[in-house]
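Engineer: In our numbering, the protein residues as written are 1 to 214.
Source of the hints: derived by calculation from the structure; they are not laboratory data. Hints may be right or wrong, so weigh each one.
In silico PhoX-like links for lysine-lysine, alpha-carbon gap of 20 Å or less [to be verified]:
#1 51 <-> 157
#2 21 <-> 51
#3 172 <-> 21
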Amino acid sequence: MYQPPHFREERLEVQHALIRKFPLGLLITAGPGGLMANPIPFVLAPSASAKGTLQAHLARANPQLRELGPASECLVVFQGPQEYVTPSWYPTKQETGKVVPTWNYATVHAWGRPRLIEDAAWLAHHLNALTRSQEQERPVPWEVADAPDSYITSQMKGIVGIELEIDRLAGKWKVSQNRPEPDRRGVVAGFRQRGEESHPMAALVAEYGGVGED
1 MYQPPHFREE
11 RLEVQHALIR
21 KFPLGLLITA
31 GPGGLMANPI
41 PFVLAPSASA
51 KGTLQAHLAR
61 ANPQLRELGP
71 ASECLVVFQG
81 PQEYVTPSWY
91 PTKQETGKVV
101 PTWNYATVHA
111 WGRPRLIEDA
121 AWLAHHLNAL
131 TRSQEQERPV
141 PWEVADAPDS
151 YITSQMKGIV
161 GIELEIDRLA
171 GKWKVSQNRP
181 EPDRRGVVAG
191 FRQRGEESHP
201 MAALVAEYGG
211 VGED
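Build out the structure end to end from the sequences listed, making use of the hints.
Structural biologist: Here it is as structure tokens:
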């Protein structure tokens with residue numbers, strides 16, 4: 001990933017926070033079958049290894065499993081907030097006209113060697129962790145145990161677990177840091193004018209650009 005210094009985000013806790021908030025990662029492999037990519041939800045175990053460990057599962061019928069088995073490395077891409085930025089929000093447009101559109105985004109890339117897991121106890125723990133991570137804020141959370149045991153057992157036979165100890169992490173927060181302060185303020189105001197109480201990209205531009213949101 002292209003990472004100009006002013007867009008790099010190297011703080012592990014910030015990278016982990018994006019993964020937890022946007023857990024649907026794009027799992028990418030390059031093997032004998034060529035390039036393959038599948039969007040799948042991941043659970044992050046932050047203390048399982050130095051940079052954290054990713055856990056997920058794939059359908060047994062998914063051909064990417066054949067690529068993961070012998071793979072020495074794969075890549076998972078987590079995409080956070082992303083938005084088009086119009087040059088009309090830049091005060092410098094009125095001054096010089098030398099502006100162009102761009103796209104703001106936050107993303108984390110994780111590399112590691114995948115391990116396939118068929119252990120029923122591991123899969124059960126993973127499915128519970130994944131479900132609770134998404135259901136915990138609901139008034140009445142659904143739990144795996146709400147379904148009949150026989151049904152869950154039959155469903156588990158159709159999946160294979162994946163564990164990826166993260167070897168490398170790269171974070172990129174491209175949120176207008178390269179623009180002059182008046183332009184950064186214009187971007188924050190532009191997003192907030194959409195009528196949303198707290199626009200995610202406005203918050204990121206304000207935080208990383210050192211400007212207020214008002």
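Engineer: Taking 20 Å as the top limit, are the C-alpha atoms of residue 21 and residue 51 close enough?
Structural biologist: 17 Å, holds
Engineer: Does residue 21 lie within 20 Å of residue 172 when you go C-alpha to C-alpha?
Structural biologist: 16 Å, holds
Engineer: Decide if the proposed pair is consistent with the structure: residue 51 and residue 157, CA atoms, cutoff 20 Å inclusive.
Structural biologist: Outside the cut-off at roughly 30 Å; violated.
The structure does not agree with numbered hint 1 stated previously, though it agrees with all others.
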